[in-house]
Amino acid sequence: MAPARSPDGGTGAASDAGFTLLPRRARRIRQTILRLAATPAGCHLGGSLSMVEILVALLGRVMRVDPRAPKAPERDHLILSKGHAAAGLYAALAEFGFVDVEALVRGYNADGSIFTGHVNAAVPGVEFATGSLGHGLGLGVGLTLGHRLRGEPNRTFVVCGDGEMGEGSNWEALQVASHRKLTALTLIIDRNGGQNDGPTEAILSQESLVPRLDAFGFQALEVDGHDLPALCAALEAPVVGDRPRAIVARTRKGAGVPMLKGKGPHYAVFSPEHLRRALASLGEDGS
Amino acid sequence: MSASVVPPGTQGPDLSLAPEAWLAAHPELSSRLVFRHAAARFAEEDARVVFLEADLGGGGDPFEARHPQRYFNLGICEATMLDMACGLAHVGHTVIAHSFAAFGVMRACEQVRLNLAYARANVKLVCDYGGVAGAFFGPTHHAIEDLAVLRAMPNLTVVSPADGLETVHATRAMLAYDGPVYLRLGRNRVTRLDGPRPPFELGRAALLREGDDVGLLAHGEVGVSVALDAARLLEAQGLSARVLNVHTLKPLDEEAVRETASRTRLLVTVEEHNVLGGLGSAVCETVCELGLSRRVLRVGLQDRYDAVAGSHEALLRGHGLEGGQVAERILGVLPRTPVFAVGSETRRD
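Chains E and F, in that order, give the protein sequences. Read in the numbering used here, the first sequence has 178 at position 178, and its numbers run on one by one without any break. Read in the numbering used here, the second sequence has 170 at position 170, and its numbers run on one by one without any break.
No wet-lab data here; the hints were simulated from the structure. Keep in mind that this is a model prediction, so the values were computed, not measured. Accuracy of the hints is not assured; some may be wrong.
[Said to hold, decoys possible] No more than 20 Å apart at the CA atoms, straight line, and that leaves these computed lysine to aspartate or glutamate pairs for EDC-like: (1) K181/E to E53/F; (2) K263/E to D197/E; (3) K71/E to D178/F; (4) K181/E to E273/E.
Could you build the full structure based on these sequences and the hints that come with them?
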């Protein structure tokens with residue numbers, strides 16, 4: 001079960017201070033993502049694998065969520081703005097008990113199923129349908145403002161891609177969030193260095209994300225996006241002052257699957273043989 | 001706000017309880033200002049209502065004056081305003097988001113599509129400057145395609161009220177309705193239609209005048225006023241016109257279209273929108289689909305951008321959107337009246 005935040009502010013995962021359980025969860029999520037890549041439709045593999053630790057940190061430790069009550073009013077919100085990484089989100093929701101993993105693998109792209117190739121709001125644990133880039137942050141700003149208006153403490157976590165930061169609407173939303181001092185909002189950028197057509201640095205450079213986010217009024221820092229303790233520490237540190245938080249998580253497309261080292265395809269359709277080799281090569285520690 | 005300052009629009013008759021009297025006490029207000037007062041008044045009864053603005057509030061907004069905690073001027077960012085609107089609705093707010101039609105509908109079109117229509121969000125996108133009401137501000141500030149775009153979006157309700165009173169009714173109805181609505185308004189024209197009208201109901205066209213020679217179907221301040229003017233002029237020529245106010249373009253009241261086709265010999269749509277994609281197209285679709293065998297004249301903006309200065313009225317005349325022009329056009333094409341049909345019992349004044 002994903003931990004619910006206890007009244008004293010601690011988390012149900014506090015007993016996992018040594019981070020032994022969370023890497024195992026990450027590894028199982030990667031197994032599911034690889035299985036989804038081996039369905040006839042395939043999946044956005046590189047960007048699903050790159051964000052696994054981000055989702056594990058959020059759903060497994062930082063956020064207040066309950067898979068038995070995915071619409072509970074007191075929940076924190078996760079918005080996967082990079083909605084093409086649906087396979088990664090669905091796999092994580094399966095790991096944390098929101099959906100059945102076998103139903104996911106069977107249903108993924110099957111006729112009439114809720115498991116579409118971009119994130120579908122009908123899937124338990126999903127707040128909004130995403131996939132067209134540059135919407136998640138604005139949605140998150142609205143959620144956060146809505147909760148503040150109602151005097152509710154719910155927090156919102158928006159995961160964007162680095163390539164996605166090319167969308168101008170993100171920079172609109174950043175301005176509004178900082179102007180409104182929405183400290184219950186956290187932006188996490190999966191800085192995997194790749195976008196649909198190639199490396200971000202060859203297409204539209206994102207190297208200056210931290211100073212740009214800082215200039216837009218966010219409290220921005222960079223962490224290793226595959227280092228679970230570092231990610232959790234960054235996400236759990238108390239917000240100081242009135243700036244919303246932005247975390248640039250340095251990741252690798254295809255991370256955690258040695259067979260994909262140095263490749264990390266944006267999209268992949270695996271053969272059964274691919275799947276067998278990829279599963280066999282999965283690192284024990286999810287690195 | 002000091003206690004001595006009375007919020008605008010709150011003195012005299014109550015807008016909610018006596019909208020006609022309230023409008024009579026505020027004869028100078030255009031529909032877009034009537035809407036702002038109505039939203040402010042109805043929000044008194046519903047704490048969930050919030051109002052988003054993207055720097056086109058014009059200052060002195062009555063909603064802001066009465067509900068400052070629920071009024072957010074976000075700056076010039078229509079896309080984020082509409083994404084945010086969906087987020088706010090997701091936690092239980094009823095969200096009004098305002099911009100000019102060109103920007104709220106077309107600059108932020110994908111936000112409307114995904115996060116209002118697809119999400120079925122309880123967001124009311126209210127846009128003024130519909131049609132060429134922006135006049136000399138030029139085509140950047142005209143919206144001649146907004147209804148075509150939005151009519152094609154599933155889940156969306158599209159409303160274009162004809163005058164101040166209908167704007168009050170439409171504002172009340174859209175706030176009571178749980179789902180995404182587009183409310184289209186003009187600019188500075190002040191319209192107060194007289195005469196009886198049926199109670200306002202979303203999705204139900206309002207019969208304003210009965211007649212059996214020609215059926216005029218119209219929406220909005222310009223469309224309905226022009227249709228009524230044309231009907232009066234035709235009457236002087238011995239022709240009776242049925243006038244239907246199709247304030248809700250989506251869902252379209254197909255039964256009212258069918259009935260109008262069956263009672264008249266020619267259908268004419270009148271609207272301040274491109275002749276492509278708006279009410280004219282919607283009526284043609286219904287007439288063809290139902291096999292109604294009626295010719296449909298589409299009066300509207302003539303599929304062109306008006307890069308010329310001038311008054312709203314001058315622009316409308318350039319598109320044939322004036323009562324006399326419409327009547328002339330109808331007289332030129334109406335099938336000859338069979339002798340036995342003259343003096344039909346359905347005529348009524």
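Practice task
Please name the hints from earlier in the document that this structure breaks, with their numbers sorted from lowest to highest.
Solution key: 4
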